[in-house]
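Undergrad: Work out the full structure, taking the sequences as your base and the hints as a guide.
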Amino acid sequence: MANSNLPRRIIKETQRLLSEPAPGISASPSEDNMRYFNVMILGPTQSPYEGGVFKLELFLPEEYPMAAPKVRFLTKIYHPNIDKLGRICLDILKDKWSPALQIRTVLLSIQALLSAPNPDDPLSENIAKHWKANEAEAVETAKEWTRLYASGA
Amino acid sequence: MASEDELMMMHDAATDDGESFDDDFYSGGDAHDDDDDSDDDDVMDYDFIDNDSDDSDNLIAHHRSQSNYSILNEADIHKCQEESITKVSTVLSISRVAAGILLRHYNWSVSKVNDEWFADEGKVRRIVGLLENPLPLPDGVELTCGICFDVYPRNEISAAACGHPFCLTCWQGYISTAITDGPGCLMLRCPDPSCSAAIGLDMIKKLANNEDKKKYNRYFIRSFVEDNRKTKWCPAPGCDYAVDYIVGSGSYDVTCGCSYSFCWNCTEETHRPVDCGTVSKWILKNSAESENMNWILANSKPCPKCKRPIEKNQGCMHITCTPPCKFEFCWLCLGPWTDHGERTGGFYACNRYEAAKQEGVFDESEKRREMAKNSLERYTHYYERWATNQSSRQKALSDLQQMQTVNLEKLSDKQCQPESQLKFITEAWLQIVECRRVLKWTYAYGYYLPEHEHAKRQFFEYLQGEAESGLERLHQCAEKELQGYLDAESPSKEFNEFRTKLAGLTSVTRNYFENLVRALENGLSDVDAHGAYSRAASSKSLGGGNIKGKGGRGKGTTSRSSSSRNIDDSGHWSCEYCTYANVRSATVCQMCQQRR
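Which chain is which? The protein sequence lines are A and B, in order. The letter at position 122 of the first sequence is residue 122 when you use the working numbering, and the numbering goes up by one with no holes. The letter at position 114 of the second sequence is residue 114 when you use the working numbering, and the numbering goes up by one with no holes.
In short, the hints are calculated from the structure, not lab data. On a predicted model such as this, the values are computed, not experimentally measured, just so you know. Incorrect hints may have been included.
Unchecked claim - Pairs of lysine-lysine, DSS-like flavour, derived with a Cα cap of 25 angstroms:
hint: 1; chain 1: B; residue 1: K326; chain 2: A; residue 2: K96
hint: 2; chain 1: A; residue 1: K94; chain 2: B; residue 2: K215
hint: 3; chain 1: A; residue 1: K96; chain 2: B; residue 2: K123
hint: 4; chain 1: B; residue 1: K213; chain 2: A; residue 2: K96
TA: Structural data, given as structure tokens:
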């Protein structure tokens, strides 16, 4: 199987993710592909996503860690830096990637992005506009979506 | 009226001067910013710029055109780069590697590096990632690589000045990935995301594989040309030379070592008298899909059902769209043909259309179509002439080559002339090539000359026409008449006369074109001065008068009103041999020394 010659680094990262998970984050490799992770991130407290459970998928490409992992939200989310396909606008997933970063650091950064949306560098134009025009209302929508799409189950 | 015109002119002149002053002032600033030469030169540069901005004339630039740029091959570039690095490393007492990193960061400007460094060394170090106190590797016989997390003996681990440990394999992978990503590898930092320590040439040499090292060096050299504001690559295909230009030193026209001439500012081929903006507009226009659209708009109508454009090139008004649409409609009113018949005018007319047209229903789209057609025709007019001169120039270039490789030798045999005495022929051909280039661009100039400036247009067209015919004469002489001497069985007595004539024509044409270029670059500002007069006078004498106005500076006048060879109305006489316009008092032609 393709998993047989998995780099030591990935094995180590996986072991550590499972043995000492970061608070509010769980990541477990798929059984048939050790490079594919099912991820869950809890909505950070005091954010519009509080109380939500967000599913993501994370894939480590062949070049990893020289290339960044590919991460995408599976749960619908109302956020200026996340588009309707779940793609995430985050510098360390693009040009700021460094091989010294890890799955853990990436997921922590995504969690932080939920706490601090950045409408000035938007991926979803409409949501960003909404955010800048009327933040209170946009936050309400985000809460609503969290209730509708991310309330566990 | 006249005084008003004069006022206008003065106003124009003032704005022009203002602009050129701004330009020069600006480029002067650049020259200072980028000045990598010793500081002694600064003063001189400023003097020169001041002079230039006082005088809108390009004469100074003209004289300097030999020295305001230099051609660099790869070895030269490398040498310049090394020299810059040496300067910085000596002045700042830092390693050559660090000097390279600094220079790369400040676009290879030695003075900029010096300024920034001495203003705030700490800040510069932070920005570019040069640590003041390098840190050693962490303690321990074995160390963990920060990328693959494997443990290695100390000697298999390496680090930049920051001491963050990574194994050799991971370093190689990291560097290789960055180099594959492009020239950004020149700004490489330590892989640790919290660390900004720069990775310089020394690390690359130590850690990268050979192929990557080669690529890196290539980027390093390229960066010196591409990031340096004084240097650009020659845009000719396959040419590896770079041109180093003294910013703010006048004409942008440069000729590369590969013999390609281009405008250093916009890197299009040389395009005087047209400015860079017009050239880019024109080139965009030539390539733009918009011209296709214009044609479609002007010459077709969309099928009312499937909207595909249909060109009606013959036949009646009963149109059947091609399958699968097969819609039958009337070309005039675009209504379905089923509504048509004898009572609406038959196959060739449409009463419904006539009626609707009278009510104004079709006005807008018809008008748009008409306008598109007109503008397209206008563009085509200029484009065709632009392109024809372009191909004539190509032809002249290959003729010139043929001349230099074969014909000159043959001619030297036939006419018993040493080849050194036949230089005038090469010069004539070089002039033809140059004239074709100028003429070509005058058509772009003409296209953008505003329609409503009638006097200017008239003057311009006259100048252009004269230029065409003058060049034609030179071309004729250099091609047809020369052929006679090439085909001759024995040396002919008239060859010396031919030499005089061709040399004379070359020089006259050169003068004419130089004046033309200058007049066009000035935006034909003379027309403003003579505006009132130009409307009254015939275009011919207007042209003569103006050209003389230019020529009055002693750069040779060219009143070649081709019909009259004698004294023209301003008291000049045209030489019969070379057509040069001499002052009345001269009895010998100043150009070709023939008696009057």
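Undergrad: For every hint, state whether the structure bears it out.
TA: Right, here's what the structure says about each hint:
1. B:K326 <-> A:K96: Status violated; Cα separation ~57 angstroms.
2. A:K94 <-> B:K215: 23 angstroms, holds
3. A:K96 <-> B:K123: 22 angstroms, holds
4. B:K213 <-> A:K96: At roughly 23 angstroms apart (the allowed maximum being 25 angstroms), A:K96 and B:K213 satisfy the hint.
In summary, the one numbered hint that this structure violates is 1.
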